[in-house]
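Asker: Listed below, chain by chain, are the residues.
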Amino acid sequence: MNTVVCVKQVPDTETLIKVQGAGIVPDGIKWVMSPYDEFAVEEALQQKEKMKAGKVTVVSLGTDKAIETIRTGLAMGADTGIHINDAEFYANADPFATAATLAAAIKDLEYDAVFVGKQAIDDDAGQVPAMVAELLGIPVVTQVIKFEVAADKSSATVTREIEGGHAVLEVSLPAVFSAQKGLNEPRYASLPGIMKAKKKPVDVKKAADLGVSDGPKTVVKEMSLPPARQAGKVIEGDDAAAKAAALAKALKDEVKII
Amino acid sequence: MPGTLIYAEVQKGEIKKGAFEVTSKAKELGGEVSVCIIGAGAEALAPELAKYGADKIYVVDAPEFENYVTETYVQALAQVAGTVNPSVLLTSATAQGKDLTPAIAARLKVGAISDCVDITKSGDKIVAKRPVYAGKAYAMVEANEEPQVISVRPNSFPVTEVAGAGAVEKVAVSLDASKIKVVVKSVEIAASEEPDQTEAEIIVSGGRGMKGPENFKMLEDLAKLFGPGATTGASRAAVDAGWRDHSYQVGQTGKTVSPNLYIAAGISGAIQHMAGMGTSKVIVAINKDSEAPIFTKADYGVVDDLFNFIPSLTSEIQKIKG
Chain S
1 MNTVVCVKQV PDTETLIKVQ GAGIVPDGIK WVMSPYDEFA VEEALQQKEK MKAGKVTVVS
61 LGTDKAIETI RTGLAMGADT GIHINDAEFY ANADPFATAA TLAAAIKDLE YDAVFVGKQA
121 IDDDAGQVPA MVAELLGIPV VTQVIKFEVA ADKSSATVTR EIEGGHAVLE VSLPAVFSAQ
181 KGLNEPRYAS LPGIMKAKKK PVDVKKAADL GVSDGPKTVV KEMSLPPARQ AGKVIEGDDA
241 AAKAAALAKA LKDEVKII
Chain Z
1 MPGTLIYAEV QKGEIKKGAF EVTSKAKELG GEVSVCIIGA GAEALAPELA KYGADKIYVV
61 DAPEFENYVT ETYVQALAQV AGTVNPSVLL TSATAQGKDL TPAIAARLKV GAISDCVDIT
121 KSGDKIVAKR PVYAGKAYAM VEANEEPQVI SVRPNSFPVT EVAGAGAVEK VAVSLDASKI
181 KVVVKSVEIA ASEEPDQTEA EIIVSGGRGM KGPENFKMLE DLAKLFGPGA TTGASRAAVD
241 AGWRDHSYQV GQTGKTVSPN LYIAAGISGA IQHMAGMGTS KVIVAINKDS EAPIFTKADY
301 GVVDDLFNFI PSLTSEIQKI KG
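Chains S and Z, in that order, give the protein sequences. Each residue of the first sequence is one higher than the one before, counting from 1 in the working numbering. Each residue of the second sequence is one higher than the one before, counting from 1 in the working numbering.
It is possible that part of the hints are untrue.
[Said to hold, decoys possible] Under the rule of at most 25 Å between Cα atoms (straight-line distance), these lysine-lysine pairs were calculated in the PhoX-like manner: (1) S:Lys50 to S:Lys205; (2) S:Lys146 to Z:Lys181; (3) S:Lys252 to Z:Lys321; (4) S:Lys252 to Z:Lys297.
[As the list claims (entries may be wrong)] Pairwise CB distance ranges (calculated): (5) S:Asp238 to Z:Arg208: 41 to 51 Å; (6) S:Glu170 to Z:Pro63: 16 to 26 Å; (7) S:Glu222 to Z:Glu169: 31 to 41 Å.
Hints were generated in silico from the structure; no laboratory data involved. We put the beta carbon where it would ideally sit given N, CA and C, even for glycine.
Kindly produce the complete structure, drawing on both the sequences and the hints.
Answerer: See the structure below:
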């Protein structure tokens, strides 16, 4: 089975964010592969291992640094990479422009499935999976927690998380699947894997090379830090019962929730 | 005047509260408010939308829409959007809304702005405010084209009763079967009476400090006292330990919630957890460790052993409720 995995390099959640105009200050940030994309890479690798055939291609749009995340995917076991290295395009790319670029990079590849994390943890938009699918003219299933492909690779039976439960769907391939936590346990790259990844082929392109001319359809006007939360009130009391009475009173009189 | 089209989601035979929230908000922003409701049996529910400001209600009610399938719902909503030609298309960012919103935007060849916590009007444009970087920053975002497709985080706006004209129009959708490549084999939904965490008004959440799955009963009892709008949640530590199902998890790899009251019991308050509950209106933290980071975000902090405190709080609230 041939698969494509879309990955994004994002600031690690623990990183301190400083805002500047409509963006963030890039210095001093620790960059990682978005955690949901790790589930996507892992699923592609597991499918290849199960079918004992096929190729896994990792695609990423970003700046020079995005190569690190592509190499992470290759070190985990992916075969080749496509690095859309375009700082200028990336600076203003919204989810639609990102999806248009990824779809353009994917459309001429041979693939049975595209795996993507359900959302990237920087802008948390969660739009790219559905938009890539629409632009490729193939179906999408989001929030996938179980994936099984038919022996003839014509369809897959997947379980997706829905509100209050889950649904089992049968989907014609090729299709786009967005990975939710629970799909698998992503592997760590092994040392030999990391060494091998350095020699794996990565195709480097600009958005214009892919024929993408569409600019972004939404624009971030301003970025701001949330207002500092007022210092909270510490509930005092001699024992748990006294504190409980004080909190219950506050919830009734101040918060007016009871 | 170019108006707003809202997608109203139906779950378990009821319209989701989030649909009423965005309908009330659209009415407040002005212009004609149209709502599209889709589902087998949706017609009977449609009139309710008029109470919250819907001027026009488009009903897509046919057996094909019994189960949610992205493609069928996108085709139906795209057809209604083609009729209404709205300047704004609003959805509620529920689990289904998160699936449908980018798909409908892409079908209409426009962008989308996801999971916003506030929307304001600036001329013909909507300025949408949304948390980014795990809630460590807010982005103000605008759409370049119409319709401006925006999903709104549940509980961001109050439901306001304000009458709309409420004209109901049934829409016949002819589905393009060649594009429907997904078949629903089965759907399993727990028979729970509790609201989903994403739209609960009150959440009592437990973390590592709960020490075991059996102790969550204590949180369930407390949540029950608050009434039908309350439920329980859990931190990643509690879920990874196998004490609670992932569907309870609040935080970066779980659900994003925005209740009126969030009670965090035995949760230290890692940034990943804050990312999922930072927009709660009131936060109460209960932790033995007075240095726990959760206390820097809490409106009310209780430094105590939760195993003593929670039962006491439950009985105090019982007393008030009578």
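Asker: It remains to establish, for every hint, whether it holds in the given structure.
Answerer: Do the hints match the structure? See the list:
Taking the CA atoms of Lys50 (chain S) and Lys205 (chain S), the gap is about 31 Å. The hint is violated against a cut of 25 Å. Taken as a hint, the Lys146 (chain S) and Lys181 (chain Z) pair is honoured in the structure, with Cα atoms around 18 Å apart against an allowance of 25 Å. With a C-alpha separation of about 10 Å, the suggested pair Lys252 (chain S) and Lys321 (chain Z) falls inside the 25 Å cut-off, and the hint holds. The straight-line distance between the Cα atoms of Lys252 (chain S) and Lys297 (chain Z) is roughly 21 Å, inside the 25 Å bound, and the hint therefore holds.
The hint said 41 to 51 Å for the Cβ distance between Asp238 (chain S) and Arg208 (chain Z), and at roughly 27 Å that hint is violated. At roughly 19 Å, the beta-carbon separation of Glu170 (chain S) and Pro63 (chain Z) lies within the given 16 to 26 Å, and the hint holds. In this structure the supplied range 31 to 41 Å holds for Glu222 (chain S) paired with Glu169 (chain Z), their Cβ-Cβ distance being about 39 Å.
The structure fails to meet hints 1, 5 from the earlier list, while all remaining hints are met.
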